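The listed protein sequences correspond, in order, to chains Y and C.
Numbers 1 to 103, taken from the numbering used here, label the letters of the first sequence in order.
Numbers 1001 to 1179, taken from the numbering used here, label the letters of the second sequence in order.
The set of hints was computed from the structure by calculation and includes no laboratory data.
Keep in mind that a hint or two might mislead.
With a straight-line cut-off of 25 Å between C-alpha atoms, the simulated SDA-like cross-links for lysine to any residue are [to be verified]:
id: 1; chain 1: Y; residue 1: Lys102; chain 2: C; residue 2: Arg1094
id: 2; chain 1: Y; residue 1: Lys102; chain 2: C; residue 2: Ile1164
id: 3; chain 1: C; residue 1: Lys1093; chain 2: C; residue 2: Arg1031
id: 4; chain 1: C; residue 1: Lys1131; chain 2: C; residue 2: Arg1031
id: 5; chain 1: Y; residue 1: Lys90; chain 2: C; residue 2: Leu1097
id: 6; chain 1: C; residue 1: Lys1093; chain 2: C; residue 2: Val1112
id: 7; chain 1: C; residue 1: Lys1131; chain 2: Y; residue 2: Phe64
id: 8; chain 1: Y; residue 1: Lys90; chain 2: C; residue 2: Val1162
id: 9; chain 1: C; residue 1: Lys1131; chain 2: Y; residue 2: Met63
id: 10; chain 1: Y; residue 1: Lys102; chain 2: Y; residue 2: Val6
id: 11; chain 1: Y; residue 1: Lys102; chain 2: C; residue 2: Ala1159
The structure displayed is predicted, hence computed values, not measured ones.
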Amino acid sequence: MSVELVWALITGAALFGVGIYGALSQTNLVMIMMGVELILAGALINLVAFWRYLHPDAMSGQMFVLIVMTVMALEMAVGFGVAIARFRSKGSVEMEEAAELKE
Amino acid sequence: MITGQSIFIGFFGVAAVWFGIVVFRTFSMVRSAIALLFSQTALGAMFLTMQAEFLGVLQIMMMATEMSIMAFFMVMFMMDPGGMGKMEMTHQKRLSLIVGLVSFVGAVAIAVFIDWGPVATTVADTAQQTKALGLELLGRSMLVFEMAGVTILTAMIAATSVAIQPLPLSAIKHKKDRV
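Next comes chain Y alone, as it looks inside the complex (with noise of 0.2 Å):
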């Protein structure tokens, strides 16, 4: 087995755990807007060296790679508008102070 895929695959899922704990431990929306960013950053590396090291003529791995760089451009985007919309209507985007969003 390569010992670069292997790397890449840890990297990968290091960054899957510490984006799982920053999106369930932060009270900050946007903070937990950064767990997810980890999160997918951890589904970019695993793509990339998949297609690197296992299927290197399948062109369709990158273009996977862009779809999930879009997915991140579009949760920042649309985050950040809800986030504003929260601010301007509560003055906070902590998510404890959110509950009433529940009911």
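Once you've looked at the hints, dock chain C against the given chain Y.
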């Protein structure tokens, strides 16, 4: 076998994970955004090491812009963006740590114990890769590519419409009367 490529992948991998951890360890939100930028840049450097030059450059450029915007929003929205007051902004820490660790261990087990089959040692040069990617995007995967474009447009409209301040009813009525 340890090669130059594996050493660089390991180095940039450790850097990406370290800066990813720093994002949630620092009290300063601006430092968090910068740490995330370094983490994503290290990831871009990993792409370059793996000979995916186009994606590496794209990753570094995109994340530099994205994280600058994020740092800007951090300063706008946070009560203590510099982290001088050392405010605690976490909850359910133990549960989050356990879920994060379990995810990490599970993903590492999959990475290490699965036989991924034969590994490719060579890859096409950058120019050929970029040409093949262009042909892929405008050929077989065109529908997916177009869908991504339409989704970006939809998200831009949605984000703008959510973010703009709604006018009070009286102001709308006043505008209508003037027309």
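Taking the hints in turn, this is what the structure says about them:
For the hint pairing Lys102 (chain Y) with Arg1094 (chain C), the CA-to-CA distance comes to about 23 Å; that is within 25 Å, so the pair holds. Taken as a hint, the Lys102 (chain Y) and Ile1164 (chain C) pair is honoured in the structure, with Cα atoms around 24 Å apart against an allowance of 25 Å. Simply put, Lys1093 (chain C) and Arg1031 (chain C) have alpha-carbon atoms about 21 Å apart, close enough for the 25 Å limit, and the pair holds. Of the pairs offered as hints, the one joining Lys1131 (chain C) and Arg1031 (chain C) is violated, with about 38 Å between alpha carbons and a cut-off of 25 Å exceeded.
Of the supplied pair hints, the one linking Lys90 (chain Y) and Leu1097 (chain C) is violated, its CA atoms being roughly 30 Å apart against a limit of 25 Å. A hinted pair counts as satisfied when its Cα atoms are at most 25 Å apart, and Lys1093 (chain C) with Val1112 (chain C) does not qualify at roughly 28 Å. For the given pair, Lys1131 (chain C) sits about 16 Å from Phe64 (chain Y) by alpha-carbon distance, which is consistent with the 25 Å threshold. Among the hinted pairs, Lys90 (chain Y) with Val1162 (chain C) is consistent with the structure: their alpha-carbon atoms are about 15 Å apart, no more than 25 Å.
The suggested pairing of Lys1131 (chain C) with Met63 (chain Y) holds, with an alpha-carbon distance near 12 Å, which does not exceed 25 Å. Among the hinted pairs, Lys102 (chain Y) with Val6 (chain Y) is inconsistent with the structure: their alpha-carbon atoms are about 42 Å apart, more than 25 Å. Restraint check for Lys102 (chain Y) and Ala1159 (chain C): satisfied, since their Cα atoms lie roughly 21 Å apart, inside the 25 Å limit.
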